[in-house]
Amino acid sequence: MPLPHVPPTAGSLDVALFAGMAEAAGRRRVTLAWSGGTVADLRRRLAAACPEIAPLLERSAVARGDRYATDGEPIAAGDDVALIPPVSGG
Amino acid sequence: MAHAVDHDPRVTLVTLDADPLDPAAVLAAVGARAAGGNVLFVGTVRDVTGDVATTRLEYEAHAPLARAELARLCGEAADRFDLVAVAVSHRLGVVEPGDASVAVAASAAHRREAFAAAEWLMERIKATVPIWKCDHAPDGGRSWVHGQASAERGP
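These protein sequence lines map, in sequence, to chains A and B.
Numbered by this note's numbering, the letters in the first sequence go through residues 1 to 90 in order.
Numbered by this note's numbering, the letters in the second sequence go through residues 1001 to 1155 in order.
Quick caveat, the hints were computed from the structure, so don't treat them as lab data.
Just so you know, these numbers come straight off a predicted model, no measurement behind them.
The C-beta atom is built at its ideal place from N, Cα and C for all residues, glycine as well.
One thing to keep in mind: the hints can contain errors.
To be verified - Below, a sample of chain B positions facing chain A; criterion: calculated Cβ distance under 7 Å:
1) Val1052
2) His1062
3) Ile1131
4) His1146
To be verified - Covered by chain B, according to a simulated footprint, are these stretches of chain A (three or more residues, beta-carbon under 8 Å):
5) 12–20
6) 61–70
7) 83–90
Chain B on its own, in the form it takes in the complex:
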């Protein structure tokens, strides 16, 4: 489901749902005549981390807060990096290895800002947006990932 982002015209797409993720649509959402650099980052599910195998990931979110935070972070990225447009899609539900779980796209007059914005946005998404992954192992085991403390998080 596309989230209406009517408060900031530079934030052109924010989605958080269980539909297969379409990176091309995320990139297309930031296309503009004023842009000279367009960067797309696609995060995909790994089948192994270190020596631990993953059969699939399952994502859950506090959806209203997560959509609001994604939109807010996109707006902040647009301000910080002087973007023409910015877009993000994140998956919910089960995502298989090799499939995309997240995509961010940024466009700017020049490539440097677009690259920097995509990196910054991914860092912030992973640090503050209320989305969680559950790791499913080959032996049937499952574990929610709650790695880093969230002490500095605030409004």
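Isolated chain A (complex conformation):
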């Protein structure tokens, strides 16, 4: 990410946004207070915290590190998480 960001602290989750999702949110990261939960929990929290991304969020995958994550997968505070809206490379 080109923008500087504060290293994640315990109990928080930094979620990276890209492309039209970053544009809709007006920022490239959303930081949530986070004490643990699944990818599905994260989706619900993000939709509530950032309603302007909700339409794209429904069509997005979630990535942790350099892998895609399934909805049942646990996410810990400080994990490297990103939202992946429908892709358009090529």
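Fit chain B to the known structure of chain A by using the hints.
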């Protein structure tokens, strides 16, 4: 920047960066004495889609995930099509009409597998690799392309 692909010797080149794309280098990366068919596909930016003009495209990616996915797809292509070698380069940043945004190359003992692999790889890249294009129009308008749903995407 070339990505080190040390886990699969058949995946000879994976790049994702803002440098001008060199299709000849992608083709050269799959050259091998065991290969009898070498296929290179080059995707270039169109200046018009239907009746909508494009002045330029701008690409963005989740780079670590995109490089990992590109390498993983190349390895899967090598398995599926019994390739000798496979390589891919994708652009980031601004790409002008006529310029290459993506190149894939595949080599195999025979041409059929190499053609099929290049087609399959392009389909998968466009469906699952976290790269996005922003379309810039002549009137100054810009729009990120998020066309297809990604319901089936998973690890």
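Honestly, which of those hints from before does the structure not fit? 1
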